[in-house]
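Given chain A, work out where chain B should sit, using these hints.
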Amino acid sequence: MNNLISAFIGALISIMTMLNGTLANKLGNYTANTLIHTVGLFSIIIVLFMRKSKVKFDKSLPIYLYSAGVIGVFTVLFTNLSFAVLGVSIPLALGLLGQSVTSIVIDHFGLLDMQPIKFEKRKFIGLTFIVIGICVMIIF
Amino acid sequence: MFYIAILVSVMTGVSIVLARTINANLAKTIGLFSGTFFNFITGLLTSLIFIFFSKESLNMTNLDFSSVPIWAYLGGLVGVIVIVLSNHITPKISAFYLTLLIFIGQLFVGIIIDYFTLGELSIGKIFGGILVLFGLTYNLLLDKKKAV
Chain A
1 MNNLISAFIG ALISIMTMLN GTLANKLGNY TANTLIHTVG LFSIIIVLFM RKSKVKFDKS
61 LPIYLYSAGV IGVFTVLFTN LSFAVLGVSI PLALGLLGQS VTSIVIDHFG LLDMQPIKFE
121 KRKFIGLTFI VIGICVMIIF
Chain B
1 MFYIAILVSV MTGVSIVLAR TINANLAKTI GLFSGTFFNF ITGLLTSLIF IFFSKESLNM
61 TNLDFSSVPI WAYLGGLVGV IVIVLSNHIT PKISAFYLTL LIFIGQLFVG IIIDYFTLGE
121 LSIGKIFGGI LVLFGLTYNL LLDKKKAV
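Chains as they are written, first to last, in my numbering: chain A, 1 to 140; chain B, 1 to 148.
These aren't lab readings, by the way, just hints derived from the structure by calculation.
Some hints here could point you the wrong way.
[What the hints assert, rightly or not] Derived coverage of chain B by chain A (criterion: at least 3 residues anywhere in the stretch with Cβ under 8 Å from a Cβ of chain A; other residues may be distant): (1) 71–84; (2) 94–106; (3) 125–137.
[Unchecked claim] Chain B regions said to be covered by chain A (calculated; three or more residues, Cβ under 8 Å): (4) 5–13; (5) 27–38; (6) 111–119.
Owing to the predicted nature of the structure, the values given are computational and were not obtained by experimental measurement.
All C-beta atoms, glycine included, are put in the ideal place defined by N, C-alpha and C.
Okay, chain A solo, but in the shape it has when bound (with noise of 0.2 Å):
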């Protein structure tokens, strides 16, 4: 049950991804942009009213942890982007390659105040694959 619920979040995002494609193709990028983030926080508000959950603000942290929904605004920006010219599985590919760079970087500097974790230069191995995958499902 727990992995089928798991494949569905996957399945829920790749049709995300497809209904946010299609609203900026017809509204345009920055339009279909803040609609989509309307949405969502209409929603995210029904949830935590479900949940009968106050919203919590902690004026002791730092002001860059509240920044991660204006990175989530290019995250939409740029699918939609590429959406619009490479469909959904490609830029998935490429959105994973990205992703597990990004990952590799993080946890090497320790950056974000994560944990340093050394990378392993075997990764290079699982990265070529990926990269090849990416290959194959562009030209193919």
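Frame of chain A; chain B shown alone:
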């Protein structure tokens, strides 16, 4: 445009990991759902700034919102469902299987969507996707071994 889209796709991955890491640090203190609330607040403000400085704000009145099928407006809702489900499932399954299964779900539904929207069922995408999956699995196994 093709090469820009390739670069932008990779940058999507960079932005996802940056946001995910920052969000995890925020959620540790104020909880995931409060964190998500602030994500959408700051995200919405940023989107409004973008729209203000873009050409799209000039054409706003000409937009035909009814020409868009209603389901296309629900991406933000689906995003929140993804967050709620992930929060529910994370303590019940190892990060290794979670990451792999999410990717498998994304890949196969992605290929199906591409079949319907781009009108092509490409063997290359399936085979290439399996190679990507293999590379991902290999590196996740290295992480897993270290975590034990």
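Each hint, compared with the structure:
{"no.": "1", "hint": "71–84", "result": "holds (count 14)"}
{"no.": "2", "hint": "94–106", "result": "holds (count 8)"}
{"no.": "3", "hint": "125–137", "result": "holds (count 12)"}
{"no.": "4", "hint": "5–13", "result": "holds (count 8)"}
{"no.": "5", "hint": "27–38", "result": "holds (count 9)"}
{"no.": "6", "hint": "111–119", "result": "holds (count 5)"}
Figure legend: structure checked against the earlier numbered hints; every hint is met.
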